[in-house]
Amino acid sequence: MSGIRLDHVSKRYPNGVVAVDSVELDVADGEFVVLVGPSGCGKTTLLRSVAGLEDITSGTLYIGGEDVTGRPPQQRDIAMVFQDYALYPHMSVRENLGYGLKLRGTPRADRERRVSEVAHTLGLEELLARKPAKLSGGQRQRVAMGRAIIREPKAFLMDEPLSNLDAKLRVSMRAELSRLHERLGVTTLYVTHDQVEAMTLGQRVAVLRDGVLQQVDTPQRLFHKPKNLFVAAFIGSPSMNLVEAELTGRSVRFAGFELPLPRGSVAADRTGKAIVGIRPSALEHGGGAEHELPRIGVVPEVVEELGDETHVIFTIEAPPVSADAVLAATEASDQSEGKLFAGDERAMFTARVDGKRTVTVGDRLELAVDTGALHFFDPATGLALDAGTRTELVA
Amino acid sequence: MSVALERPAVQERTGRGIRWQRVGLHVFLAGAAILWLAPVLWTLYTSLRPFSDTAKNGYVSLPGALNFENYSQAWTQADLPHYFLNSLIITLPAVFLTLLFAAAVAFVVARLSFRFNVALLIVFMAANLLPQQVILTPLYRLYLRLPLPEFLSDSGLFYDSFIGLIAINVAFQTGFCTFVLSNYMKTIPASLGDAARVDGAGVLRQFFGIVLPLCRPALAALATLEFTWIYNDFLWAVVLVQSGDKRPITSALANLQGAYFTNFNLLAAGAMLAALPTLIVYALLQRHFISGLTLGASKG
Amino acid sequence: MATEIAAAGRVARAKQRATRLTARDRVAVGFMVGIPLVFVVGLVWLPTLASVYLSFTSWDGIGGLDTINWVGTTNYDQIFSIYPPFWPALRHNLIWLAFLAVLPTTFGLLLAYLLDKNIRGTRAYQSVFFLPVVLSLAVVGFIWQLVYAPEQGLINNLLGRTEQGEVINWLGNPDLNLWAVLIAAAWRHAGYIMILYLAGLKSVDPALREAAAIDGASEWYAFRTVVFPALRPINIVVLVVTVIEALRAFDIVFIVNKGRNGLELLSVLVYDNIVGEASRIGYGSALAVILLLISLIPIVTYVAHAFGRES
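Residue numbers (the numbering used here), protein chains in the order written: chain A, 1 to 395; chain B, 396 to 695; chain C, 696 to 1006.
Looking at chain A on its own, in the form it has when it is part of the complex:
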């Protein structure tokens, strides 16, 4: 029975800063869970606490069913892959791979056998005599993985192992990591700040903000059913379009548009202010969409043609949402970050339309809105409106 369980784990620094706030997380045996969040959210601290490189101030940590809260790293039967790989520069690949086993007193014959096996699995056989300085980025990454695999631990802990690779390599290594996990089936806790990586690698993804776990779910559910503004704004690229709106009970009004709500929408029969979220993919070119869907007329300011999809960026007559959650999700320190020209107070929306359609800057365009896919959030709490709870919205 393996797996990692965090039971109300907190880490508080002597100066009072709380890096990890009462996190409860259950990683099942063999599961690949990704910990994601903007920089400074505490994900690396949390990972290091699981590794034993940092102390847990309160709560309990279980690895493989055992309480390891007070144990030093080498007694937790975990292996870690670091962001900069942390390969010992003065040792050859062979020695790097075998170091952990050597320290644990594994007999030489066993050690050499395991090193050959791992080298074979990862295609490192020809590199065994080389030193890390003479390896490429991708090769170093594989050695780092090999060092973790060879110990056959109860869990892998990975700290942004792909972020030092260039873009194309990152994509191919992502696929390799998935395949490796498929093959070895070891419980893995993986940290990244890149939500695309999180969505593609994780069987489940845990979103962290300022040390507090926001939501732990499958990538699909995170995308389609975000629990709060932060998760909604953080997950998805390009980000979800957000704006303050008015609910009338049967429609939603914002920026001069009024969209009728479909029957069964969570916002049906509600009145008051809410924040509405529209994923870029919920906006379609008016020409090809179903007739029943409502349209909005916009003037594109920027058109990014990517081949099989086109991003249409336009402003709407409403200010951008300035909630802390949204700012935190986009890692902006204030409203003006991300804007090259100061003084433009209107929100910018992005639509993802079919790349075969022609869109021109300045030419008025009709976009169909999939009102069934709208998200609504309570402006006061940031929580997603949900059919179950009928909280009163501020009028």
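Hints may contain errors.
Listed below are the simulated DMTMM-like cross-link pairs for lysine to aspartate or glutamate, each with C-alpha atoms no more than 20 Å apart in a straight line [to be verified]: (1) A/K102 with C/D720; (2) A/K131 with A/E95; (3) A/K102 with A/E112; (4) A/K225 with A/D386; (5) A/K102 with B/D589; (6) B/K581 with A/D84; (7) A/K227 with A/E24; (8) C/K953 with C/D967; (9) A/K227 with A/D386.
Residues from chain A that face chain C, not an exhaustive set, calculated with beta carbons under 7 Å [stated by the list, open to error]: (10) G52; (11) D55; (12) G70; (13) R71; (14) P72.
Hint data in this document are derived by calculation from the structure and do not stem from the laboratory.
Glycine included, C-beta positions come from ideal geometry on N, C-alpha and C.
Following the hints, complete the assembly by docking chains B and C onto the known chain A.
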């Protein structure tokens, strides 16, 4: 760093101007270099001239003959090999111990976090900056009283013993090396230490197996510096060693002066021989020498 | 079972820290720090404290520790009033400091600046100027004796003054010998400073100089306004090194004439008072303490600088 410059007149630089500048530069530097080498060259010259030659013609004269007579004389008559050996017996262990101690303390200070780290570093660093005379008296008296087992010291005391000299050199030089090494060790990524911890390495393994091998450049630089400084030391030897036959070569030179004070040629040869090891180290390892000094001066 | 564990976990505050060093590690750290500490504290700091203590006592060193008697500030009073070599020695140390700070230091800076231009032969020039630093001060003292010797020395012979009446006694004449020895010390000091500044110049961002050149600054102007200010950290080190060297000066002077007759220095006075049969330990210690107090200025400066930048 922003600097506001007013706009001075743009300087016209013709091709001609630059060439003259360059020539002037070379002339200046070459002249200064010759002036700089002059004393050493003079000593070398004097050492190569037989005594009979200079006795006849005076020292500032063209050479009659040039040979190594003085050198062989200094070597045998002045018993130089013996003093060289003394120097080696003192210097080599001292360099080794200094680096070992400094590396150990630097490791604790740089890679482990204790509250006393900064205070510890100051204790070591400041020790290196004190003028030697400040501790001379008590050290002298201490050495006269501190016992050593007979097989380690003829005198049975720290005074007048190799161990005594080694000890004070180590104590005095460790500070500088600790400072340099701790700065250097800080540049080793923390993740290496983390990886070693996860792999199961304790403090000693981390020190000897991971951090120390990675400090080789700094250790080489410091070894070069320390070898030169400890070899060149004069004060400790003069004060703490009484019997002439235990003295290292630098202080033995002073004795030589007393014995052969009219024979400048011989003394010159002796001085050149005494300087030889440091000159050889310098010639071969100049790079390390300089990097050691700059590591110590700049900060991280 | 799971709920029980959960309940217990929720209540428990972490009892043991995962990052605590194992017992074995703690012992190792103890030795790694402890042994060097014994050396440094035992052979440097305790003697320093002892020096301070002894400066308030009178002791001839021959009797046991029980013959030490406390005399308060008597030693200091005597040094300042009736000890003939003291004021000259202090004056000489200060002259030494001023000389080193002005001449070889600026010359070293000049050399570094010129050699930083990477002209042909830079390496060779560097080696030449740095050579004296590598030599033992005893050897340096000896070399310069050859140069300064009255009848046989290089200078006098070049000047043609080798006859009895005309000889310039560089090292014997108390008006001249300090300066003669200072030239020898400067000969050595310049090379040391040159290396420090060379390293400093290399760390000055070349973009700064290029920007200045594009803006049309002359070389001297650029140096004054851009390069020199960027050297501030090195300047502090240079200053500290110079002061410490000036206070430490001993070897050359000792080799020449054991520090008499115009070559008195504080360091030699300390030596005089403690080595020998009729030693005046208290006196020597008081002199040493004066030396210590003066050197605390550069030491504190350096430590503050080194650790100021740390935080």
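Handout entry: Restraint check, 7 Å cut-off on beta carbons, for A/R71 near chain C
Key = At about 6 Å, which falls below the 7 Å cut-off, the nearest Cβ of chain C leaves the hint on A/R71 intact, so it holds.
Exercise for the section: Starting from A/K102, check that the Cα of A/E112 is at most 20 Å away, please. Expected result: Satisfied, since the Cα-Cα distance of roughly 10 Å is no more than 20 Å.
Practice task
Mind checking the alpha carbons of A/K131 and A/E95 for me, to see if they're no more than 20 Å apart?
Solution key: Cα-Cα ~9 Å, so holds.
Exercise for the section: Starting from A/K102, check that the Cα of B/D589 is at most 20 Å away, please. Expected result: holds (17 Å)
Practice task
May I ask you to test the interface hint for A/P72 with respect to chain C, counting a Cβ-Cβ separation under 7 Å as satisfied?
Solution key: holds (6 Å)
Problem - Hint consistency between A/K102 and C/D720 [alpha-carbon to alpha-carbon, up to 20 Å] - result: Roughly 19 Å between the alpha carbons, so the hint for A/K102 and C/D720 holds.
Problem - Hinted contact A/G52 with chain C - closest CB pair below 7 Å - result: A/G52 check passes; min Cβ-Cβ to chain C is 4 Å, inside 7 Å.
Practice task
Starting from A/K225, check that the Cα of A/D386 is at most 20 Å away, please.
Solution key: holds (10 Å)
Problem - Pair hint C/K953 and C/D967, alpha-carbon separation not exceeding 20 Å - result: Holds, because 9 Å separates the two Cα atoms, which is no more than 20 Å.
Exercise for the section: For the pair supplied as a hint, A/K227 and A/E24, confirm whether the alpha-carbon distance does not exceed 20 Å. Expected result: holds (17 Å)
Handout entry: Restraint status (C-alpha distance of B/K581 to A/D84 at most 20 Å)
Key = OK: B/K581 and A/D84 at ~16 Å, within 20 Å.
Exercise for the section: Using Cβ atoms only, decide whether A/D55 comes closer than 7 Å to chain C, and label the hint accordingly. Expected result: holds (4 Å)
Comparing the model with each earlier hint shows no violations; every hint is respected.
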